Each structure stands twice: as C-alpha cells, then as structure tokens.
Amino acid sequence: MDDRPLFGPFARKGSYSRVQVFDHLFADDRFTALYQEVAILPEVDELMLYRRYLQKEDRVLVHGNFSATLFNTLCAEGYDLYLVESELTRIAGIADLYLHRVYGLSNEVVDVMGSHAFNKIILPGTTIARYSRGELLLFFRNIRHLLATDGQLLISIHNADYLRQNVQPIASRRMEDCTLFYGQKVDRDRLIFNTYLKSASDEKVGYVVEHLYETDTLFEFAKLSRYRGRTLYAGKSISILEFDKIG
Amino acid sequence: MDEKVVKLKASCLSFIETLFPEEHFEFVEHTILPDAFGKSGTHLTFKSDERELKLSFVDQAHSRFERVFLAEKTPESPFFSRMMEATYEDGQLYIHHVLKSD
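Residue numbers (the working numbering), protein chains in the order written: chain R, 713 to 959; chain P, 377 to 478.
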C-alpha cells in the first residue's frame, strides 16, 4: 500500500488491485455529488447567510463548493454573482440563463472584467481548508487583484476540536445504482474524507484532504498580505470569518 | 514548442478558421498560468486584422477531455468578451455551449 491518505475499510479496499483509487475525487460524478452534499456547512443555512450578508449592488465572486440551486436562486433574486469553477461536472444544474456568470479560471474573469472588479469574494463551505499553508499564503496574495480597494473575503473553517470529538468514521448513502460509503478522520491537523463505491460496472475509492486551521492562524496569514480579519460567527462546528482588504 | 502545443495550436486554428472563414489568423503566444485559486490553465492567443482570440484550456479531474473557453477582443474594446465554451477531446474541439452575454 502506498502513502495515500486512506484509512480503515477504505485502505483495505484501496489495496485490492480490482479497486481503482481516485486521487481526484471529482473524476467520478457520484463521488462529486456525495462530496458536494456532505461538504455543506452543517449548522448554517447558506441561503439565509448570503441573503443577509450580501447587498444586491455588490459584485460577488464565488469559488468552491457551491450548490447550483443556491447559485440559481441568488441570481434569480437579483444578486450579482459570478462563479469560478474549473470542473464541468460541478456546474451541472446551473440554469442556462446564468451560465455566462460561470468561469473556469480567475484569469478569464480578469480578461473580461478587468482587475479589482469584485466587492466580495466568497469561498463557500470549507473550501479554504483545501489549501495547505503555502497555498494559503499565495491565495491571500493572489486574490488581491480580484478584489476592489475596499473588498472583502468571506470564508468558513472547521472547528478542529469539535471535529476531533465528532467525526463520523463511516456512513452510507444510496446514489444512482449503488451505495456509497464514506467517512472522515482527523489526522493531526488534517481532516481526511474517504469514500468507496461498488456498482455493477466499477469499484472505486477516493479521498479529499482538508487542512484544519485555528482562527488566529488565518488572521495572521491574512495580515501578511494586508487583510484585517474578524469572526462573524463562532459556532459549534464551524466559524465564519470576514477579511477586509487594506490599501 | 512541444508536440502537445503544436497539436493544440493546429486544433485551435482549424476551429477558429471554421468559425471565421474570411479571416486569416496568426498564432501569437502560448502561456501556462496559475489562476488566483491555484488552478493552472493553458492559454493560446491568435490574431487577425479584425480580432484577437484567446483559447483557455483547463484539465478535468476525469481526464476524458479538457474544458476550453473562447474569448475575443476587438480593437474597439479594452477587454475580452467571452464567446463560447468547448471541450477538447482526442485532438478535436467541440462546442459545448455558446454564451449570450457577459
């Protein structure tokens, strides 16, 4: 067995030659759908959060685990939303009417709208947790040219202590023609998501690794790229943080 | 220029010359750039007397095809305007959907 972050029954399945191991979970539509469902913030109604947080005159860029239904609803209500999503399977369900608001890369957005075009950038769910420390530093620096001078960033992070006590080691969900098993494990400062499926035609395991950060760590990182951060909501399982771009 | 880029360039030229049969396009440049969120894209630019066209290729996790975004810039506009999204599969570009406006 290699050093892929598979644990328990998922590691056993992954060791069989007949089972494909996916380093990119989004390569399978069923894994993608499951992950999009599981990664929804557990204690926050995201639709209500964005309705309260956003102004309709804000131009908002969203990147990450965002449901198509939520995107369609907010656009229909008059919010000026744009989405950067590189995976085609993850934009299934976005209404044709709003496809012109969907970009594959942020470079494309700059080509079309110029720099500093957004009042707000939102990373839904815990998208920020996919970045390692090095990537996080680059992220804070690189999104500066997307944000307006007084722009703001909204992110959510897991509460690591809560996760350590409450992760679900294994659960299942029926989807299309098969049952998917999935589980989470906290390994030091990483949250590891594993999933497995067996259908009539295939058998696979996949994984996603997220990084667990303390609120203060993110504030310190952001400060290095000239942001000022605050906690908007400190819940049981997550915290929602807002950052102001300075200068 | 490596073999993959040569093939990409030929596929792009064939595609855009089908879209704009009256125009003659020159290859301008090929760049690979990471975006602000850490995803890399391959960009090829072509120019005719009437417009500049940019094709941006993005890998997909399943590796069956790449997403391709086509945008144009005319001398009258400082910015690009997006035209369509396509897929690139087995050396061929296929239109996925046409964009109405930005």
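These are calculated hints, taken from the structure and not from any lab test.
Please note that the accuracy of each hint is not assured.
Not everything, but these chain R residues come out facing chain P in the computed CB check (under 7 Å) [what the hints assert, rightly or not]:
#1 738
#2 779
#3 812
#4 818
#5 824
#6 846
#7 847
#8 849
#9 914
#10 915
Covered by chain R, according to a simulated footprint, are these stretches of chain P (three or more residues, beta-carbon under 8 Å) [as the list claims (entries may be wrong)]:
#11 389 to 398
#12 411 to 422
#13 438 to 447
#14 455 to 468
Calculated cross-link-like contacts (lysine-lysine; reagent style DSSO-like; alpha-carbon spacing at most 30 Å) [said to hold, decoys possible]:
#15 P:415 x P:449
#16 P:380 x P:449
#17 P:476 x R:910
#18 R:935 x P:449
#19 R:768 x P:380
#20 R:897 x P:415
Quick caveat: nothing in here was measured; it's all calculated off a predicted structure.
Just so you know, even glycine gets a beta-carbon here, dropped at the ideal spot from N, CA and C.
Now for the hints, and whether the structure bears them out:
no.: 1; hint: 738; result: holds (4 Å)
no.: 2; hint: 779; result: violated (18 Å)
no.: 3; hint: 812; result: holds (5 Å)
no.: 4; hint: 818; result: holds (4 Å)
no.: 5; hint: 824; result: holds (5 Å)
no.: 6; hint: 846; result: violated (10 Å)
no.: 7; hint: 847; result: holds (6 Å)
no.: 8; hint: 849; result: violated (11 Å)
no.: 9; hint: 914; result: violated (13 Å)
no.: 10; hint: 915; result: violated (17 Å)
no.: 11; hint: 389 to 398; result: violated (count 0)
no.: 12; hint: 411 to 422; result: holds (count 7)
no.: 13; hint: 438 to 447; result: holds (count 5)
no.: 14; hint: 455 to 468; result: holds (count 6)
no.: 15; hint: P:415 x P:449; result: holds (24 Å)
no.: 16; hint: P:380 x P:449; result: holds (26 Å)
no.: 17; hint: P:476 x R:910; result: violated (41 Å)
no.: 18; hint: R:935 x P:449; result: violated (37 Å)
no.: 19; hint: R:768 x P:380; result: violated (44 Å)
no.: 20; hint: R:897 x P:415; result: holds (26 Å)
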